[in-house]
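Enquirer: Chains as they are written, first to last, in our numbering: chain A, 1 to 172; chain B, 1 to 448; chain C, 1 to 935.
One or more of the hints may lead you astray.
[Stated by the list, open to error] Output of the computed footprint for chain A on chain C, the stretches with three or more beta carbons under 8 angstroms from beta carbons of chain A:
hint	region
1	680-686
2	760-766
[As the list claims (entries may be wrong)] Partner residues aside, some chain A positions facing chain B, computed with beta carbon under 10 angstroms:
hint	residue
3	Ala19
4	Val38
5	Leu41
6	Pro49
7	Cys71
8	Ala78
9	Arg86
10	Val96
11	Ile103
12	Phe111
13	Ala117
14	Ile127
15	Asp134
[Stated by the list, open to error] Chain C is nowhere near these chain B residues, computed Cβ spacing over 12 angstroms in every case:
hint	residue
16	Gly39
17	Gln100
18	Tyr309
19	Val348
20	Leu383
The set of hints was computed from the structure by calculation and includes no laboratory data. Think of the CB as a built atom: it goes at the ideal place given N, C-alpha and C, for glycine as much as any other residue.
So the chains spell out like this:
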Amino acid sequence: MTPLLLAEFGDPDALLAAARRAREAGLRGLDAHTPFPVDGLPDALGLPPNRLRLHMLLAGLAGAAFTYALCWYSAVVAYRFDAGGRPANSWQTFLVVSFEVGILAAAVAGFVGFLAAAGLPRLHDRIFAAPGFDRASQDRFFLSVADPDTDPVRLAALLDGLGPLSVQAVAP
Amino acid sequence: MSGAGGLLPQGASYGGLVSTVADPLMLRPAGRRYWIAFGVTFVMTLGFVGCIAWLFIKGIGIFGNNTTIVWGFPIANYVWWVGIGNAGTLISSMLLLTRQPWRAAINRFAEAMTLFAVSIAGLFPILHLGRPYLAYWLAPYPNTMQLWPQWRSALVWDFWAILAYLLFSIMFFTLGLLPDLATLRDRAETRAGQVVYGALAMGWRGSARHWALHDSVYRAMAAMAVPLVVSVHSVVGMDFAAGLMPGWQESIFPPYFVVGALFSGFAMVVLLAALMRRGFGLESVLTTRHFESMAKVILAASIVMGLSYLTEWFMSWYAGERAERTFLIHQLTGDDAALYWSMLACNVLAPHVLWFTRARRSVAILIVVSLLVNVGMWMERILIIWDTLSHDYLPSMWRPWYATIWDWAVLAGSLGFFAFMFMCFARLLPVVAMHDLSRLLYRQRGGA
Amino acid sequence: MTDAPSLTRRQAALGLLASAVSLSACGKPAEEIVPYVEQPERIVPGVPLRFATSLALNGYGRGVIVSSIEGRPTKVEGNAGHPASLGSTDAFAEAAVLSLYDPDRSRAVREGTRIASWDGFLTALRPRLRRFEATGGEGLRLLTGHVTSPTLLRLMGQVQARYPAMRWHGYEPIGDSNARAGAVLAFGRPLASLAQLDRAVVVLALDADPLGPGPDQIRHARGFAAHRTARWENKAALSRFYAAEPVLTATGAKADHRLAATPTLVRDLAIALASRLGSGRPAPVLPPEAQRFLDAAAADLQSRPGEALVLVGEWQPPEVHALAHWINARLGAPVEHIEPVGPAEPPAPLDALIEALAAKQVDTLVVLGANPAYDASAGFAQALGGSGAFSVHFGPYHDETAALCRWHLPESHPLEDWGDLRATDGTASLAQPLILPLYNTRSAPWLLGALLGTDEATAHAAVRDTWAAQRPPETFEAWWRQVLHDGVVADSAAPRVTPPPSALPDLAPPVAPAELTLVLRPDPSVWDGCFANNAWLQECPKPLTRQVWGNAAMLSPEDARRRKLSNGDVVRLALGGRQIDAPVLVRPGTAPGVVALTLGYGRRRAGAIGDGLGADAYALRSPDAPWIMAGLTMEGTGGRTNLLFEQPDRRLEGEARALFPTVRADELARGESRPPVWPPSLNPDRVSDTHAWAMVIDTSLCIGCNACVIACQSENNVPVVGPDEVARGREMHWLRIDTYDLGPPEDPRPGFQPVPCMHCEHAPCEPVCPVEASIHDAEGLNVQVYNRCIGTRFCQANCPYKVRRFNWFGYADGQEYANQGAPVLAAQRNPEVTVRARGVMEKCTYCTQRISAARRSAEREGREIGAREVVTACQSACPSQAITFGDLKHPDSPITALRREPQHYALLGHLGTRPRTTYLAAVRNPNPAAEEGGS
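Given only the sequences and the hints, what does the whole structure look like? Please build it.
Expert: In structure tokens form, the structure reads like this:
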């Protein structure tokens with residue numbers, strides 16, 4: 001298992017700079033842990049864009065289409081009857097429910113998709129063992145490097161001048 | 001970022017913000033006032049349950065409804081609660097999309113408010129049924145009766161709108177809550193706290209990769225929330241507008257219901273904000289700037305409401321339908337006229353005090369106005385039902401209407417239940433989104 | 001758990017039973033069990049049998065046909081062969097079947113308060129009878145109501161013959177003594193006169209209400225209809241009605257010209273009219289309005305000799321009756337005269353009995369079908385109490401009189417035993433039992449038999465003897481079966497007699513006009529009080545006021561304003577030392593200076609339903625002037641009660657007048673025949689290859705008599721909700737008769753508009769139902785599927801006609817009002833119609849069960865359903881035949897023509913609902929000469 005190195009910073013800008021350097025230095029397995037989304041960090045780390053929104057759109061459309069089909073089937077085929085002289089396929093009214101269900105389907109896709117893509121729920125991660133990591137959700141900003149060809153010393157050297165509060169290797 | 005001044009305490013730090021929100025939960029004991037309030041709301045909740053039990057035993061007849069006015073309090077309560085419910089998610093998502101810096105402090109409990117209000121709202125259509133134990137017949141599923149829902153009925157639209165909205169809001173709320181749960185997990189001193197919050201946080205570790213996913217989904221959902229909310233309350237409006245009755249059959253209903261929802265919702269948010277602020281000493285993050293901004297929205301909404309009423313009157317007169325006119329006259333001069341005028345006073349008149357900056361900045365005045373608005377909006381809902389049903393086409397069936405003790409008891413019970421759920425929420429979850437606050441601070445410092 | 005507790009218990013019990021049965025099924029039970037192998041003759045499970053019989057009102061018979069299902073009488077309908085029914089019914093006849101199952105009926109012989117036995121009574125009676133045989137019946141008194149039954153009269157004759165000294169007293173709270181006396185004044189002998197409205201073209205009703213409740217209502221209604229059915233193809237002249245009356249009546253409501261007149265003014269009108277016709281008597285000076293009214297009426301009457309008719313109500317004093325006889329003679333009015341129906345010479349009056357009781361001359365008193373302790377003057381109760389007489393009460397209820405008598409004997413319901421009756425025109429009809437007596441009760445012939453010394457006399461034998469005596473024995477059986485089948489004895493009507501030339505009465509000097517006059521009337525719901533315990537009738541909205549569950553003192557708006565009284569204010573009415581408290585009901589159309597009260601309320605021992613409702617008008621009644629009493633004083637007590645109405649608002653003003661269109665006869669003649677036109681619709685037009693049911697209601701024929709309302713209730717198992725629920729506006733009647741005042745308060749001119757479900761082709765209730773409980777069937781019925789309904793009530797909320805009814809509680813399902821949940825009442829239910837559960841919406845179905853019955857028989861016989869084969873309950877009940885039902889697709893169905901009438905309209909047709917129930921506008925035929933006047 002590749003060792004995991006953590007560099008701890010006191011404020012997001014330093015982290016950003018560190019991320020850029022690490023990336024320019026060609027380190028692999030870059031990630032960061034911050035209490036809030038730091039704008040620009042994904043680019044700095046070179047994270048790939050995600051396709052979640054596309055999935056949501058497709059799920060939404062599918063849900064709406066299915067609902068309309070259900071309305072049509074039940075009102076025109078399965079149980080056709082006269083309600084106030086309205087046409088059997090009262091599409092105007094069927095659209096209402098289709099819309100609601102469409103949105104719901106998209107939302108579910110988004111929520112589930114997020115968990116799946118993020119690999120959550122996951123109750124334990126070795127990173128939690130890192131001393132001081134509990135502040136990653138409060139006021140500390142961590143750069144994590146999972147690169148077999150580097151070690152804390154080289155990372156510290158690389159980040160020299162950015163004033164990391166600590167650089168450590170997480171016990172495997 | 002511009003216009004963000006005065007939203008955060010001077011010299012705020014990331015850690016400081018977090019502890020402002022988290023400490024009341026983790027460190028400080030609840031205190032006597034809290035427990036008294038908790039007890040009261042708990043008793044009211046028990047009363048609510050009792051009323052429902054009695055309703056099921058005795059039958060729907062315990063309410064004041066009659067052959068002509070077949071709908072009464074339950075439906076009015078339903079519309080009112082949905083209205084309040086609609087605001088939370090709408091506020092949260094709209095402010096997010098429009099990048100309003102003052103969103104950060106209020107979105108969390110606004111969303112919580114939505115969850116509770118919508119759940120209660122969802123109860124009423126079931127409670128008002130003659131045979132509530134058959135409510136599930138509205139759901140489409142292959143059954144031995146070979147029967148499907150009647151998709152043309154606005155009630156079926158309701159069923160789906162409320163269902164979709166409730167589930168959506170739960171997911172939206174959970175998504176926003178996840179990082180804060182992690183924060184609580186990391187701050188928890190007791191083992192129990194660590195285990196519970198840890199489990200709820202689902203292993204969130206603030207990874208930049210996760211943040212990116214989180215951000216894109218959250219924003220996408222916010223973008224969907226707006227049309228969803230609009231559709232939900234439009235559907236509620238169509239419960240009436242799709243009918244044939246004078247005073248109901250109006251194309252203005254959907255938009256006017258949506259604005260009404262926003263209106264009462266913001267009023268409720270103001271009340272809750274004031275409560276949170278006082279109860280948890282959040283003066284530093286819930287500033288007068290927040291209240292001022294909400295006040296402006298309330299004022300704007302009340303003007304739109306006024307216009308809607310005007311349009312209603314004009315159309316009733318202009319349409320030239322006999323029943324419409326008699327209805328309008330009844331509305332303005334009939335048995336419930338006093339109620340109607342006080343409704344106008346609450347919804348259209350009272351908010352105009354907010355033209356004055358001092359009023360907007362005074363929490364006390366805002367509380368009064370918000371109370372009036374919520375009362376006024378409830379009156380509007382009950383009047384929509386009474387006036388129309390008690391005065392439609394055939395004078396022979398015109399009837400007066402009297403609320404029974406049970407009508408009031410159920411309404412009070414629902415309020416108590418709502419307050420109870422909120423009390424629990426306030427002690428168990430961060431009432432303000434901490435990561436949003438920190439991000440706001442970061443942006444104020446001109447980060448990135 | 002949401003079901004009524006009782007129901008769940010019942011289900012539990014059933015479950016237990018089922019399991020027990022399944023268990024015991026393994027072994028043969030110890031007792032012998034008899035399977036249902038021999039089908040009782042004629043009884044086919046599920047197929048109703050229909051028997052002709054007769055029901056009495058005031059002693060006069062009205063022929064009816066009663067349906068019996070598996071031996072249970074469930075529905076009363078008219079007998080077309082009977083002159084007092086003509087195939088229709090009235091509210092009282094329709095409701096009789098509920099009284100049969102009334103849980104409060106007396107079930108046991110009582111001596112004082114103890115339960116006793118019939119034998120016990122006989123042993124107590126015998127020694128006295130032996131003594132009477134010796135004394136010739138000295139001290140034996142018999143008190144009955146008005147008796148027309150040939151059998152009872154025969155038996156009473158025998159009793160009289162056996163005990164010559166016995167005295168028979170008769171008392172009927174709503175009698176015809178004034179009319180009798182008037183006839184005596186006019187003709188010298190008490191002839192009964194039968195007005196023939198079907199031959200009258202101009203009618204002047206002087207405080208008369210031929211269309212109102214009474215033994216002759218149906219016959220008069222049919223006669224009225226004969227000249228008011230305005231149809232496009234027959235341009236026959238319509239009749240014209242004038243009415244002068246102190247209280248608004250059905251006749252006054254239908255009249256083309258109505259004058260609200262105090263009783264004295266009515267009398268003056270009669271005198272003035274007589275002098276106009278040459279009586280030679282001085283005409284009193286009339287107020288200008290009355291003068292105009294009279295001029296118009298007189299001219300009209302004189303212009304139609306032989307077809308003009310003047311009617312006077314029983315309420316008017318004899319001299320006015322006599323004047324009317326004289327006037328009618330002058331006009332050659334279509335009136336027939338017969339010898340009074342009933343005993344040859346009238347029995348002694350009640351006061352004679354009261355004196356005798358007071359003087360302790362009465363040894364034994366037998367009260368037979370009368371309740372004087374309630375409906376006679378207070379003297380009777382005291383006298384009886386003090387007399388120490390051996391008093392026997394024989395009646396269906398343990399009522400006020402029974403409570404005073406030593407013995408109470410329970411009487412069978414008319415549907416439980418044999419009997420015979422005569423109608424107002426003397427036509428005799430037989431009453432045959434539909435069911436064995438539910439309780440240990442007996443009928444009058446048995447009691448009279450007992451007086452004659454035969455303990456085992458049966459009504460059946462008595463009736464047969466009566467009629468066998470008049471026929472050759474060999475033909476009797478055949479004749480008997482024929483009569484039972486028809487329900488009428490052919491050509492048994494009393495012979496018409498030509499009256500002697502009528503004399504003019506010498507008129508008493510006019511009484512000084514009193515400030516307030518009390519006017520008493522029979523009650524349209526409970527008549528004289530004998531129907532007080534009938535829940536259907538109590539909850540039946542009274543015509544013209546729509547009041548339920550009580551009566552009230554009716555005032556004119558003027559008087560109310562002057563005394564600052566409004567609906568529900570309790571006033572104290574005092575008259576000659578007697579006084580009662582009653583709530584005020586302001587009814588436009590009441591003559592100023594008149595306070596009107598209906599009889600039959602304030603019952604003390606009617607039963608769970610009737611006790612303690614309303615004000616007892618009998619307490620104010622004076623024997624000498626039973627109907628009109630001057631010198632009333634009235635002051636407010638400050639109290640208030642909540643009057644119960646099923647239509648709180650009767651006004652119809654401004655644009656709303658369009659809801660009740662009226663047409664003048666001449667306008668109608670100019671109209672042209674065309675099919676109904678509907679507003680355009682985006683919805684596709686349905687093509688159906690089957691029946692298209694529709695109903696047309698002619699509002700110019702409807703007299704608001706409520707027969708249809710009760711008919712609907714009994715046909716469709718419509719539950720009673722009780723006063724409290726009515727107060728909350730939760731009545732359940734599927735069919736309501738909306739009554740609107742179309743004129744100003746001084747001349748309200750009410751109109752009746754029966755409103756059943758409209759069965760709209762584009763029904764607003766259907767698309768809003770989420771569970772398909774309210775849907776449309778192929779034949780155009782808007783059907784309500786009870787077991788699908790979950791009770792959202794959206795359908796009713798969206799129904800512009802508000803014809804749907806919701807079971808807020810289990811009104812028929814475990815949460816019934818008062819004693820309406822008693823098991824015995826379940827026997828009345830129509831098995832063809834679901835009894836609705838709590839939380840379910842219901843409404844008029846066009847009697848879909850009758851449609852499907854017709855369809856079944858048609859299919860069985862492989863034919864089409866006939867044009868007039870399906871008859872709804874309301875239609876069959878309607879005395880004036882205002883309701884027509886039929887198939888729009890059927891070539892010779894009357895419906896199609898009616899829908900082409902010029903005066904045809906659809907209620908709220910502009911909403912595009914395309915109702916299948918439509919109306920014919922009320923046609924009025926005012927006298928052009930008097931338009932600016934009384935109209």
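Enquirer: Now tell me if each hint is right for this structure.
Expert: These are the hints, each one checked on the structure:
| no. | hint | result |
| --- | --- | --- |
| 1 | 680-686 | holds (count 4) |
| 2 | 760-766 | holds (count 7) |
| 3 | Ala19 | holds, 8 angstroms |
| 4 | Val38 | holds, 7 angstroms |
| 5 | Leu41 | holds, 5 angstroms |
| 6 | Pro49 | holds, 8 angstroms |
| 7 | Cys71 | holds, 5 angstroms |
| 8 | Ala78 | holds, 6 angstroms |
| 9 | Arg86 | holds, 6 angstroms |
| 10 | Val96 | holds, 5 angstroms |
| 11 | Ile103 | holds, 5 angstroms |
| 12 | Phe111 | holds, 4 angstroms |
| 13 | Ala117 | holds, 5 angstroms |
| 14 | Ile127 | holds, 6 angstroms |
| 15 | Asp134 | holds, 4 angstroms |
| 16 | Gly39 | holds, 29 angstroms |
| 17 | Gln100 | holds, 39 angstroms |
| 18 | Tyr309 | holds, 22 angstroms |
| 19 | Val348 | holds, 27 angstroms |
| 20 | Leu383 | holds, 15 angstroms |
In this structure, every one of the numbered hints holds.
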